[in-house]
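Protein sequence lines, in the order shown, are assigned to chains A, B and C.
Note that the first sequence covers residues 1 to 163 in the numbering used here.
Note that the second sequence covers residues 1 to 232 in the numbering used here.
Note that the third sequence covers residues 1 to 372 in the numbering used here.
These aren't lab readings, by the way, just hints derived from the structure by calculation.
Note that beta-carbon positions come from the ideal geometry of N, C-alpha and C, so glycine has one too.
Certain hints may be false.
Non-contacting residues of chain A with respect to chain B, defined by C-beta distances greater than 12 Å in every case (computed) [said to hold, decoys possible]:
id: 1; residue: 77
id: 2; residue: 119
id: 3; residue: 127
id: 4; residue: 137
id: 5; residue: 147
Not the full set, but computed from the structure, chain A residues with beta-carbon under 7 Å of chain C [to be verified]:
id: 6; residue: 23
id: 7; residue: 25
id: 8; residue: 50
id: 9; residue: 62
id: 10; residue: 66
id: 11; residue: 93
id: 12; residue: 111
id: 13; residue: 114
FRET-style restraints, in silico, Cβ to Cβ [what the hints assert, rightly or not]:
id: 14; chain 1: B; residue 1: 84; chain 2: C; residue 2: 233; range: 34 to 40 Å
id: 15; chain 1: A; residue 1: 150; chain 2: C; residue 2: 242; range: 40 to 46 Å
id: 16; chain 1: B; residue 1: 130; chain 2: C; residue 2: 145; range: 42 to 48 Å
id: 17; chain 1: B; residue 1: 188; chain 2: C; residue 2: 36; range: 56 to 62 Å
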Amino acid sequence: MGILENKFQDNVVVASMDKLLGWARSTSPWFFQFGLACCAIEMMATAASRYDLMRIGMIPRSSPRQADVMIVAGTVTMKMSLRVKKLYEQMANPKYVIAMGSCATSGGPYWQYGYHVLKGVDLVVPVDVYVPGCPPRPEALIEGLLKLQEKIQAERPLTKKIA
Amino acid sequence: MSEDQDKYIAEVVEKALRGDMDAINNIEDRVTRSKAKAALIKAKRLSKTAAAEAAPAEETAQTDTTLTEKSLNQKVAEALAKKFSGSIDSEDVNEYIQLNGKNWFEIAQYLKDNPDLLFDSLQCITGFDFGEGEALEVRYNLHSMTHYHAIEIRIKTDRNDPKVPSVEQVWRIGDWFERETYDMYGIVFEGHHNMTRILCPEDWEGWPLRKDYETQETYHGIIVPKVKEGWE
Amino acid sequence: MGVVHGDLMTLNIGPQHPSTHGVLRLKVKTDGEIVSEVEPYIGYLHRCFEKHCENVTYDQVIPYTDRCDYIASMNNNFGYAVAVEELMKIKVPERVEYIRVIVAELNRIASHLLALGTYGLDVGAFTPFLYMFRDRERILDIFEALCGARLLYNYIWVGGVSHDFPNEFVETVYSFLDYFEPKIKEYNELLTYNKIFIERTADVGVMPPEVAISYGVSGPNLRGSGVKWDIRKNETYSIYEKFDFDIPVGSGIMGTVGDCWDRYYVRMQEMVQSAKIVRQALKTIPAGNVHQALPKKIRPPKGFIYKRTESPRGDLAYYIVSDGSPIPFRLKMRSPAFTALSVLGEISQGWMMSDVIAILGSLDIVLGEIDR
């Protein structure tokens, strides 16, 4: 404010390019439906009529090329982990990952004797937001998505970074 | 005279036990007739106690419904012993029938096609490990949709070279159940058209459900074992 | 003119797919659009359930059974509790039996709603999916009031249940049933008698009864082929013999006996029958203490048991071997969806690609149960 106050007409917006890009990218993240196990049912319930996911801009896409966010919902097994990596690499930048549920976070209830369970999906892909719960309530998933939106907004892709 | 009399009494008592009371009733001599009747009563009492002694030994831990199952298991065991001699391993057939794997495919077809048995539904194949260093076993639960009876069959096999004939051509679900048992225990089913792992990846090492299974360290570069660094 | 011949094309319907109900891989060999062979590959969700059961105590197994068939977890718990109670010869109080039947049947309704909603989604109908989920949320509200969880309950324990009914629970369930029964008519108008749905599912994927029995198929899939077999009536357990309900069987109204429409319609009718059972149970439920028969330490005697119960997917069975210690020696879960998936290769030969998806949806599989 200060110098710029009361100087412009309507329909003129002043903001930094970073903030504009952050606003555009964060408010319509299309998610890649990667439902694996029980958490997939809660993800479907979140996208259904009561806890509507489309009101915060998320639409389910089945192809990794069209998606921004990959919600890993459910247990990742060794057999599946190679495919998770492949699909993550097929997504176009900028891409984000939400690890939903305690199985995707750290192996979940199968951490102790599960020889075939991957102890957390962050062993194969970089994760941005962890949503705990077994399974997390739809409200918890929405909170995780809102946190992701805050994170995307706080990114500054255009600013020259030192080193 | 008394020896002949004893033999005569024994003869008529035999006839009466089989249901023919006329032989005793037609004896003219009153003394002999009463001796014969007394001998008959004694013989009946003895046979009843013999049956009562035999019965509790067999009905140890069974409920009412297994009374017919006991005869079912006995029936099946007798039929198998007659048709495929040498295939039954153990005499005790109260709860399950222990076979030794010889002719198992033919036995399975017989169990399915015989009109009294008609076990047309294979419910479950379970692998079983008795412990480290001991034998492995395969257990089959069969059920009949027409006669409503069920039976369990067990086949033991050696731990170092486990082989059991496959029954996938008899009950089509045997295909996947046998692949699962192979995946978990390493038991090879001879005659199966595609003996590969079904649950674990193709290049997994080891037989997971055996009691002496050690998880491998890494799989394609990803860490497998149970505890991550810095936990607890 | 000459006929064009070509080789069979191998197509991969990969583990990540919106219509495969989980992580399932199908290798399909097609000649143009006509499918000649379908081979399912499973194991992408193998979570070592049986290995866990050999290392934890009997009551710690119950949350793991929840997660096997995560859509109908009350029925999974029920089957396990009934099996262990028969092994230990425990008799549970009357009230516990009634509560178990009520929650199991409510969960059956919820599971069928999800199955039919996603089936509609597979063949292209989006609205029934939203309607059925809306009604399913009401059942999940009931369960949340009862035991605190929406999806994985850990409610039916060996010897009893974990919580008794809260206040005004019976009125809530009655009001749900009054709300739900007219909805069946709505679903029938939307989907069941919809011309497009009938053309996509009638006469498609016919499963003859002999094939079904040989492949071990059970539950609504088997009843859709005309075989009247229900464990609740044929090998009855708990107190199901006290209730009066029918067993709907497919009869080929719209096409052939055993086609996809029949399996769909059997599930729709089963929801009506489950509502009937819940009404009867609520009317006659006795009072009592639900924690009375909970054992202090679960140590079954040496022995084994194979116990079957009816889950919404079919014939769920537990094979438990006990060696007298508090930890099971061997626990095998025989899941109905495992056998249902194995018949896919047999009944989808000769159909087109999109019919394969319709057939797969009608089998109602849950990968958590198949892979355990």
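Consistency of the hints with the structure:
no.	hint	verdict
1	77	9 Å, violated
2	119	6 Å, violated
3	127	14 Å, holds
4	137	26 Å, holds
5	147	24 Å, holds
6	23	30 Å, violated
7	25	24 Å, violated
8	50	5 Å, holds
9	62	4 Å, holds
10	66	12 Å, violated
11	93	20 Å, violated
12	111	10 Å, violated
13	114	5 Å, holds
14	84/B x 233/C: 34 to 40 Å	36 Å, holds
15	150/A x 242/C: 40 to 46 Å	56 Å, violated
16	130/B x 145/C: 42 to 48 Å	47 Å, holds
17	188/B x 36/C: 56 to 62 Å	30 Å, violated
The earlier numbered hints that this structure contradicts are 1, 2, 6, 7, 10, 11, 12, 15, 17.
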